[in-house]
Amino acid sequence: MLTLFIALVLQFSYAQEKTITGVVLDQDGLPLPGANVTVKGTTNGTQTDFDGYYSIDVSVGKVVVYSFIGQKTVEKTVGSQNVLNITLEQDAQALDEVIVTALGIEKKKDDDLSSSTTVNTEAVSRAAESGVIQSMAGKTSGLKITRNSGDPGAGAYIQIRGQNTINGNSNPLIILDGVPISNTSVGGEVDGVTQQSRLNDINSEDIESVTVLKGAAAAAVWGTGAANGVLIIKTKSGRTGVERRVDVNVKSSVIVDKINVEFDKQGKFGQGSNGVWNPFTGNSWGDKISDRLGGADQVTIGNERFESETGNVYYPITSKNSREVYNQTNRDQIFGTGFTFDNSVSVSFSGNNSNTFLSYSDWNQDGIIKGNSSYRRQTFRINNGVNLTDNITAKITVGYTRINASRIQQGSNLAGLYLGYLRTSPDFDNRDYIGTYYDENNIPSQYSHRGYRDYLGSSAPIYNNPGWTINEQENPNEVERFIISPQINWQLRDNLTLTARYGLDYYSDNRKTFFPVNSAADFAPGFYSESTIQEKTQNINVFLQSNYDVSDNFNFGWIVGTSLDRNEYSRLTGESRQFTNPEVGDLRLFGNAETINEKPENFKEETRKSGAYAVINAELFNQLFFEFSGRYERPSTIEKNIFYPSASIGWKFSELIKENNFFSFGKFRASYGEVGIEPDAYSTNTLYSPRGISSSWGDELTAGAYGNPFTRNFTLGNSDIKEERVKEFEVGGDFRFFKNAVTLGITYYDRVTEDAILKLDLPSPTGFSEVIANAAEITNKGLEVDLGVKLLTEGNFKWSMNANYSHNRNEVTDLSDVKSVFLAGFTGTSSRVVEGEAIGTLWGNKFLRDESNNYVLNEFGFPEVSGEEGVIGDPNPNWIGGIGTVFTYKGISLSAQFETSQGNDHWEGTKGVLNTFGISPETANETLATQDLTAANGSVIPAGTVFRGNIGDFGAGPVALDQSWYTTNGGGFGNQSETFISDASWTRLRELSLGYEFPKTMLDKVGFSNMSITLSGRNLFLWTDIEGFDPDLNLTGASLGRGLDYFTNPATQSYVFTLKFGF
Amino acid sequence: MKTINKIITLCFGIALLISCNQYTDGINEDPNNFQNAPAELLIGQGNLAVIKLSESQSSRVAGIWVDHFTGSDRQYELLQIYGTTASDYDDDWDDIYTNGLAQAKLAEDGAVEIENPILEGVAQIQQAILLGEAAALWGDVPNTEALDNVTYPNPNYDNQLEVLSYVQNLLTKAISNLGGVKVSDFYNNGYVLNEATWKEVAHSLKARYYMIVKNYPMALLEAKMGVSSPEASLMAFHSNAEGSKNLYYQFQVELRGGYLTAAGPSHLYNLLNGTTARLLDTPGDSKRLAFYFNGTNINTTEEGYFAVDASFPVVSWIETKLIEAEAEQRVNMGTAGEPAFTEVRNYLATAYGDVFPTSTSSGDQLLNEILEEKYVSLPGSLQVFHDARRTKNVLGIPIKKPNGTLLPQRFLYPQTEINSNDNFPGLIDLFTPTEVNK
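Read top to bottom, the protein sequences are chains F and E.
Residues in the first sequence are numbered from 1 upward in steps of one, following the working numbering.
Residues in the second sequence are numbered from 1 upward in steps of one, following the working numbering.
Since the hints were made in silico from the structure, they are not lab data.
Remember, predicted model here, so these are calculated numbers, not experimental data.
We put the CB at the ideal spot given by N, CA and C, even for glycine.
Don't take each hint at face value.
The list that follows gives simulated cross-link-like pairs (lysine-lysine, DSBU-like), each with its CA atoms no further than 30 Å apart [as the list claims (entries may be wrong)]:
1. F:K846 with E:K400
2. E:K400 with F:K288
3. F:K846 with E:K401
4. F:K40 with F:K18
5. F:K320 with F:K288
6. F:K658 with F:K107
Partial pick of chain F residues on the chain E-facing surface, computed with a CB cut under 7 Å [said to hold, decoys possible]:
7. Y569
8. T573
9. R577
10. F579
11. N581
12. K640
13. S689
14. G698
15. Y706
16. S769
Each pair of labels, with its calculated beta carbon distance range [what the hints assert, rightly or not]:
17. E:F34 with F:K640: 21 to 29 Å
18. F:D439 with E:S184: 36 to 44 Å
19. E:P283 with F:T329: 48 to 56 Å
Construct all of the structure, not just a fragment, from the sequences and the given hints.
Spelled out as structure tokens, the structure:
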């Protein structure tokens, strides 16, 4: 009976179903774990295991569907066979197919009407940069990324389609997982330390994709704040609707950094002036080192001396005999190899109703500058999604970042690194920088600071010894940041979804600055300051979304939403000068100074915005697309409501063309959009506060020391201030050829910023120095081209290339009759806004010229200086571009990424000053006067004499360029800067990477799902005419002032070894 | 429509209404600055502007040009040979108008409103010094169209002589407003609390600006009513506290060591150490040398003229007395200037505890001795620069520009005016005298 029953059951089963097994492979014959295997029209389904195997019960005649993300789906009808081995080919379109809209909604790129581009995880991760943004350099058109410095954790300057604005920052709006986050960069002066960008707080490994919304129309729903473009960043998550599975991924990298370009220093002449050794001057215009006697210096051994911490004793020198040159030693004192250990692990849980992504990362970097230069970033992330009911899904993303960094003082800063190091005379050894000074009466002064302008350390030297800068001074900062964004999607009806999002981004950035007693300049009596910056950005965004498929040839959708934004920023700073007890040890505190020398300061700012928006889109005959959007809003900084419209149209004309081998896809698109930038908070009134007075050299009388008198501020309030508005028209097309092997995107845009806000200079006799006004008009016109070519796609060997080109012409078309407005830089040379020129134009004094553009010469044959300043250069490139290529052979991949910037000028401020000091190699040339030569001071060098310097000719015959020229108008402290403006075009090998992915078959045995090793180099080669520094650097950081070099900390090149594995 | 749709529509409607109204109202009031300030609080800033003008960059530049000092490092090496451009003057020009005149005028207007003549008078003195020095340094400067941005967004420049005559009017009004009040009793932020009275200071200033226009009889009259004793000089107060240190000290010790020295050596240095003979032999100058200079550095030690807490003269008794001596000598000739000159020499003998012989000269010789004494007694004073130009360099201050023939005759108009003022009259060459010195 039992046997019969079993037999019946078996018989019955056999008639209905059978078990199909098999393996699912990709185009390379590698197993695909996690591929979906479902029976069409049923809920019956499974997934392949780690080895790609599956097993499913299915009736004969049914259709089994095999699918995997990024691969073409395959369907098989079940026949007599019991084993079905399936190969899923890579879907050529799939990888770049999806883009993310301003509201975070995914959309097929082919249906999109904007020029937005998405950069995927792989490209972001491959770059092995600490910041997301840096890793995107050169990879897409219309996006210009400039590093500020090679310092660990340094921020970058991001510019999408040229400069749109003058006031405030030019950074794009950052939308992380649907909500705006802060991208504030506080700092960017000509001195101090390099600041971080808050965008670097996100771990690159957590990022799934970054979409760049370049056009105004695409960004229009964000209205005010979106005028500089929008970056939409999406973090990773697990998946729902699949069987439970856990994936663990581990990445471990070691990065070795080296300095990439350095200034050369002459090693022929010693410290001094006019050919005479002098140990107290800053100049290296002294005696010829090789002409010295040699041997040890002759000294006076007595009480007066310096005993260094290392035990060396220095006595007053009576005769400089030593021929030693210390350029290399002094360099090695401060620069070394930087090491970074970047480790991260992520775990993603995928399940039927919920998914979770957990990650932890630790980026631990020691910079190329020895001493206190480091950056450590730890991040932790939980992203969790859950299906609450059939209709409601909830998602929360939580990120936590903690940063501990130490920075080094740079720039125009007597206590800065490069300034002290580069100016040091070649015959001075910097290594013993700290010790005890004993005066004539043998009275010791501990912690004395020895530098090249005071070799016995008798008082604080005029410039820091670089050893002091990197070891004794401290500039730590500590950042803690939380970003929390919960989101609910409620499917109200089949075609109606409600999305509600809240975003909270909060960070505190604690910065400390410590100058011990005996640091250079006004820090000599000791200085400590501590500043805590807090910023909270909140956003609520609720929208309804609906789609109607009216017929096969017509469908449309709409979105209506409302959003509230609130930003609160505060800064609390304390400052303590002139330490009462100079021996502070490890203590960093206030109270160690007289009350008058302690200064608290606070600053608060709050802005809010409320808005409502609507988007309507329609599709006709599957080829014509329309989209209209509008945003109505009220920022708290303006006293009226404003409206931003946009409209887009697209035509997928390839629908009309029959399938062929040449032309695969084509779409034309055109759009118009408006977005805005709000004025700074509190611009509407003229305000009063205590001010004090100081000269541009820094000597000052503070209000607090003199009864705290008030002033009416010099900035005139403007109650009529309104938003500045960017209006952009954009046309373009997306095309694919040769069965999608070649993709081409072209966009032309023409944008104008009307009513651009700027601090308009007022003639000071009005009693005001500036007014915040809608006073400028700026245009940006440009062309962007992106090309992708898959040269080889079949077989084991694959080769693809991509290239991009961007040209942008920026012009300030109106500046309300003001000649120029200062952005950043110095009194003599600055980056400015000038009518009829591009934003950031370099501005300074020039030589005087006559009508035929010849120099006006003085009686010695040297050019006279023009009293008035004018345009001397343009730091904006004529075009930028990138070319990348990837080869793969089985598991081996080789990729390279080149980047170029052409036609950008740079001010070589450092070079100019090194001329003045007699440090530049060109100032150490020894030249034979072939005839009597007049020098800049009128003295005559007789024919036949060898002199230090060069022969020049400004139009009145040869003249001698000697110390009297280089220390005046031939050097950086001269009254002209035009000769230090140079074409800083560059091309670089941004990345080179060789990777190997271990085959699945090998990994299965050890239980891994994937494993790869990659060896890559970053910034390995640089081709440029600029000497001494990388023209990708900028002194004033992420500020609008561009193209300035003045003792900026150097850039790096890196070698990266990465191991990744997953199980 | 389904109920749920109605609810949703309603919610959205409400949200939209709320969003555009209350959410953003009242947020844009600055929590960091005051919306107003009383006139008594603004008056102090004018004093700071006067001190800065007297003692900071403009004083250093003038000091280099009259060869009190040597510009011996970086940018100052060019100033040393009169190499300078418009942007070098942005800072001083802007501060005269924005930090100084604008605040002083507001204080004056406020004083009229609250009927406080003393506040009004002090505000007038501040304006007189700032405008007077501006006219002396630059020549034509904005005055009648200044400080009224609504009516005159691009102020025209007034004739130098008219500005200086306006300055006299201001001082006349100030004198009638002030009575005999002491500086130490009213609105003295920035000044040493001594015997100075605002009224005497105003008379000294009248004398100073009459000198500049070469109206010697009036200068003489006013000088006699001016600062009446060394203890009644208007002196800038300094101390060792951050923000109140002597500005020369800050520049030399804390900011720009090596820029400003006497290493040239300077004319002043040579006069004091005897390398160049004084017109009136002065043995006491060796002490004065040690007071002014420390080696070839300016003396920033505790005992020095530029010590961290050394007060700096703004309107001094010595200046007033030497104006009196010079004016008297020019008006009445012979040995008329001698009494006032002798007072100064006797004071110096006491102050330095050394020998400062009195003069027995007469005529031009005595006149030049008086001028040289002013040259030596007021290091870094703008007045010495004014004198040098007014007298066509009668003292023979060395011309430091290679092959040059003239001292600089003015400050250049600033780049900020070129940039922003539609009515800017155009740059004038450094060696073109201002109208009063033509």
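Cross-check of the supplied hints:
no., hint, verdict
1, F:K846 with E:K400, "holds (23 Å)"
2, E:K400 with F:K288, "holds (29 Å)"
3, F:K846 with E:K401, "holds (20 Å)"
4, F:K40 with F:K18, "holds (16 Å)"
5, F:K320 with F:K288, "holds (11 Å)"
6, F:K658 with F:K107, "holds (25 Å)"
7, Y569, "violated (11 Å)"
8, T573, "violated (12 Å)"
9, R577, "holds (5 Å)"
10, F579, "violated (12 Å)"
11, N581, "violated (16 Å)"
12, K640, "violated (11 Å)"
13, S689, "holds (5 Å)"
14, G698, "holds (5 Å)"
15, Y706, "holds (5 Å)"
16, S769, "holds (5 Å)"
17, E:F34 with F:K640: 21 to 29 Å, "holds (26 Å)"
18, F:D439 with E:S184: 36 to 44 Å, "holds (41 Å)"
19, E:P283 with F:T329: 48 to 56 Å, "holds (53 Å)"
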